[in-house]
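Novice: Chain by chain, the residues:
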Amino acid sequence: MNADQRRRVAVLGLTAPAYLWLVLTIFLPLSAMLYFSFLTEAPFGGRQPVATLAHYRSILTKDLYLDLTWRSLRMGMDVTIACILLGYPAALALARHVKGRWREAMFLLIVLPFWSNALVRTFSWTMTLRGDGLVDRAIHWVVPGMPSLDILFSYPAVVVGLVHAYLPYMILTCYVSLQAIDESLIEAARVLGAPGRTVFRRIVLPLSLPGLLAGTVLIFVPVIGSFMEPRILGGVAGSAMLGTVIEEQFTRIFNWPFGAALSFTLLAIVLLILGLAAPFLRRTLRTA
Amino acid sequence: MVVVVVVVGAYFYLQPGKPTELHILNWQGYGTDEAWAVQIFEEKSGVKVIHDNFNSEQEMLTKLRTSPGVYDVVLINSAFTEQAVAEGVLQPIDSTKIANFADLSAELRDSTRFNIDGKLYGVAWVWGVTSFAYNTEALTAAPASIQVLWDPAYVGRIGWRDDAVESVQLAAIATGQDMNNPADIEAVRQKLHALKGQIKTFWSSEDEWNKFMGAKDFDVATYWSGSAARSKKAFSLPVDFVVPEEGAIGWFDGLSIAKDAPNAEAAHQFIDFMVSPEFYVRWDTDVGAPASSNGKANAQLPEDAMNRAVLGDPAVVARLQWMAPMSDEQRAQYQELWDETKAYFAQ
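Protein chains in written order, with the working numbering: chain Z, 1 to 288; chain C, 1001 to 1347.
Hints were generated in silico from the structure; no laboratory data involved.
A virtual CB, placed ideally from N, CA and C, is assigned to each residue, including glycine.
If a hint is listed, it holds; no wrong ones were tucked in.
Here are a few chain Z residues that sit away from chain C, every Cβ distance over 10 Å (derived from the structure):
hint, residue
1, THR15
2, LEU28
3, MET33
4, ASN117
5, ASP136
6, PRO144
7, LEU192
8, LEU271
Residues from chain C shown here face chain Z by an in silico Cβ test under 10 Å; the list is partial:
hint, residue
9, LEU1195
10, ALA1332
11, TYR1334
12, GLN1335
13, LYS1342
14, ALA1346
Now the stretches of chain Z that chain C is said to cover, found in silico as 3 or more residues with beta-carbon under 8 Å:
hint, stretch
15, 66 to 75
16, 237 to 244
Based on the provided sequences and hints, a complete structural model is requested.
Specialist: See the structure below:
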């Protein structure tokens, strides 16, 4: 065995467990679901399903599912934009201005939401956002005359809950690319007389774009399929989303095939968006 | 020597014909598994009671299909009994072995949901009503009509369960239709859309309902009769349950015997115990239960017990529409109608 062959065996040995795991846990269940989505009913309990395209036809032709898709995409965009607006400056401050133990402490605070149970986190928001809840009381303590703030069971409440859950992704991915920027580039720009604004626009922002885009994808994709936050925080006004409707198909009426068809439609939309954005992303990353 | 005695003893003790266990399939915490009741029955019959639970009707049917000869007694909602019989997972019940059978309400006992092809496949056990309850501090008089849920006086003060079938059925009753087969589904849709702005938020569990009511989020909210009794008694909430003049959703559960039940003899005994006043009165008084199908049991409840005071009135029972079996297509259609309504609420 020469060195080349030995390396190939080593690579195979190291990666095979991971690939086997992925095949078993992701590929097989997903294929089963894709198969179900073309059946009239789930093949359990001796039922005899037949092949059909009715689920996909129904999804593509009915206004309801178009409306739900649009609402979910808008939720994805709103949450992602909020995460960028809050997360990028925080990552910038952490990477460039905070040093030493303070940085460690702040990282801990950012990662904390990851360590708490998602359900507990979401329910704690119901206590915070309700009228006469924690936020409302705090505001009235400072400004007694303010009208009552009660945003629980509304679309904004859903966005608040989701931003809290996904903000760490944005901060971490942006931080990684921001702190990798070579300090001497910025110094060079300064020496040549560039003001802070120009340094940010011409050097910092383009070089941190990969992190920003990674964060965007990591947040946007799961948010458009989310169902727990809309269900608990959205109430009447904010719970109608594609994710909640998919959940209902599985847990309420046991219409697995239709739920599967909705899930794969959502997956197709995500792939389509990423596909359309790919050339643009590649160009941006290359120039960066 | 000891081993031989034990083995031979065990052989005679465990031989067929003398089963010593009774396997019951039911929702968790739904009467049959009350510790005191199990103890009374075990002492009476000398048979050990073993429980298994399900979380949905589908799961219950799957367990019966995949484990024949395991379960003895199974709780089945009357709307599902017919399907279970058609799938061949139940065996007929001998009503002569149920001593309390004659005391059961004829309307439930002799229902065609239980009596299929001249045979009895379920013994009517308990029943209840789905309609609404109101906060007695917010409303001075009991509303008589279901239209109170649509009353502009309670804009943003209504609690509603996020459930497609229940929503469609309540809207069908409010539009004066047969809730099991609404002829004018468009009227149902419009009635549901008219709830826009009325609903404060959706509730999904009894616990949640109590929290919302306790926090004064609701003035009027859809609810279940048995839960309303518990909210009033156990949680001291100022609520009263209403069966409106237009009618309400009625449901009833039966106890059935699984096909090839290993201990059919004890299964009959257990069902008889479950429908007896002895069991029911203590269940409702100590824990809180749906209404009993046994008239004598209801009559022994305290006078202010809701199951006696409200549901004990034959005029109230006459107003109910009983839940009928549903096809998968109907379920899917209702779900889509309700999802569409919720999307309209959110606009």
